[in-house]
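Student: For reference, the chains in residue letters:
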Amino acid sequence: MKTGADLIIDTLYDLGANEVFGYPGGTIMPVYDALFRSLERDVPVKHYLCRHEQGAGFAAVGYARATGKTGVCLATSGPGATNLITALADAKLDSVPVVAITGQVPRPLMGTNAFQEVDVFGLSVASCKHSFQVMDQAELEDTIRQAFFIANDGRPGPVLIDIPKDVQMNQVVKQAPLNLPKRTEQMATSTQFGQAKNLILDSKKPMFYIGGGVDISGITEEFQSLLTHCQLPAVTTLKGIGSVPANYPLGMGMLGMHGNAGANLAVQDCDLLIALGARFDDRVTGRLASFAPNAKVLHIDVDNSELNKLRQVELAINCCLETAIPLLSKELNEMSINEMDQWQPWREQCSGLKQDNQWSYDFPHKGIYAPALLKQLSDKLPESSVVTCDVGQHQMWVAQHMAFNNTKNHLSSGGAGTMGFGLPAAVGAKVARPEDQVIAVCGDGSIMMNIQELGTIKRFNLGVKVLLIDNAKLGMVKQWQELFFDKRLSETDLSDNPEFVTLAKAFDIPGQTITSADEVEDALTTFVQHQGPYFLHVKIDAATNVWPLVPPGAANQEMIDNSNN
Amino acid sequence: MTNLHNTPNLAHLNLVCVQSSLLLERILQTLRYRGFNVVNMNTLEINEQETEVNLLVKGQAKLTTLQKSLEGLVEVQQCYLTEDQAKLATLIEMGLPSIYSPPPSTPSSVLAAEGA
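In order, the protein sequence lines correspond to chains A and B.
With the first letter of the first sequence counted as 1, position 6 gets the number 68 in the working numbering; the numbers rise by one all the way through.
With the first letter of the second sequence counted as 1, position 111 gets the number 270 in the working numbering; the numbers rise by one all the way through.
If you are wondering where the hints come from, they were derived from the structure by calculation, not from laboratory data.
Just so it is clear, CB atoms sit at the ideal spot from N, CA and C, and this is done for glycine as well.
Some clues are possibly wrong.
FRET-style restraints, in silico, Cβ to Cβ [as the list claims (entries may be wrong)]: (1) Q404(A) to N206(B): 20 to 26 Å; (2) E252(B) to L350(A): 47 to 53 Å; (3) V177(B) to Y75(A): 25 to 31 Å; (4) N196(B) to T290(A): 23 to 29 Å; (5) M231(A) to S179(B): 37 to 43 Å.
Covered by chain A, per the in silico footprint, the following chain B stretches (three or more residues, Cβ under 8 Å) [as the list claims (entries may be wrong)]: (6) 179–188; (7) 204–212.
Chain A with its partners taken away, still in its complex shape:
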């Protein structure tokens, strides 16, 4: 007869979750014992021991985002579980399917302030798509299957399962019937797509506004065919980068606070915004009332609560893009050449804006110019490479200056903006895609938040490459202090950073530090070609800031650019 813990492992294996991330502790020990015995029981689930539960959570996020599969992480009760919460909140805001399993104190001790007892269910309610607490071992398999279903159904998100230790240890005599919840309803009608076609036909300046939903729906290829057919301009959000091919002539790049000026100006001038899997985030819209002021909006999203949430739209279609894009394509494929020719002046206008707002890599100073460094790296990497980021200036430079043709290759903490995301997400991505290059582009502030995951890289000899962009500052905060707080640089100096390469070497990871522009080419070549993990520490010109920037409360056409100063 199986224990509850055996059943947990069996169910994970059956669901295809044969690689999990976690950290053991008192109340999750029965599950770790079942993991230990999983090979002999012929249900091999490989566990990747991270060095912090938050690292395990982000590794699961990175694994999920790099593949589209469900990421799984394990932790014990109390602090183990609370350490997972940030990663789960990150997964919720970026719509990532993750299942977290936490141990809980035995049922007789619950509610007694037992050792390592925290109400993690209560904590998780606000940061997860759904949460379970399993109080009967008979319900374990059903609950885990429901969790995987919910994590992936409709708009994906994290699901937490809290399991008391005695439930894990008890024998499973009988099981509750399997009972999957309702599927998210698709309410779209063909009439709506006819209306969508009419909106597009009536517009003179239509613009695609692409969010992360296109990739999440697994419909990128079909969307790109639609784009090629219509030859309409497109902008992306941070999470939409990669959905529009990097070489698409009318791909205007990322819009918003640190978006390309051409993208922002084109959106401000368009008369129809076709929003697919995007959510009008404040980092995208700037001052909402002034966002795309002349545009009607066609908004298609699987999450009904995103429709008309911020922007009142002309046509809202609550539908998974997997269904919507083929229907939209069908309507638009019926358009004649003459009908599509009406957009030629708009295409030329957008081409001009794109041409006039190309990134410049001229840098008059002696130090290393981070945008140029990342452009060089991008040019050297195979197209299949995965790049993860932390959060801050380097994150925006990656979004601006590196080319991606697949959203699953650009893993950036978008909604939550979680510093410390990049390194553990790279661990998860490398486990998921061992044949592909995986690069973690980190900031010197962010990397210190999860630097212990170098230990995970060493333990499993994962070929993760770390590119540390070091300006000895919390750069993005410093930039805002310079611009909006009269240059009062409060607590953003990090000039006492450790010797990063020495630190990497302590984990048996080779590396080097470079400080001048003439070292970049050789260092990047070594970095890309090195077999196994590598740590490249780049001390950049510390005065470089991210441009353009839409100031808080401003409209997107009011962006400022001091890059020549």
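Using the hints provided, position chain B relative to the given structure of chain A.
Tutor: Relative to chain A, chain B alone:
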């Protein structure tokens, strides 16, 4: 173009939900997150599988977003919204929203389908 209202909205929500001991926690968290406070609340067991939850809520945020978020909860099967202020005044006088049976208003999914 913004959705920010200056005056508090009062609304009655009638939810038909799958029974769960964790249901109320999720509903209340959703209400708070979407910017509403509970004025009155009542639950009624319909049968062994289903519970009816009646809520009188107040807030300045967008009611349709709240309604759609509640509809998105796994346990919620139906969610009806009543904003008629005269009916709500009567409801408050009567004290218990559960004894008031609102006419089924148009679900948000239909509104979306109509392009609202």
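Student: Report the numbers of all earlier hints that the structure fails to satisfy, in ascending order.
Tutor: 1, 2, 4, 5, 7
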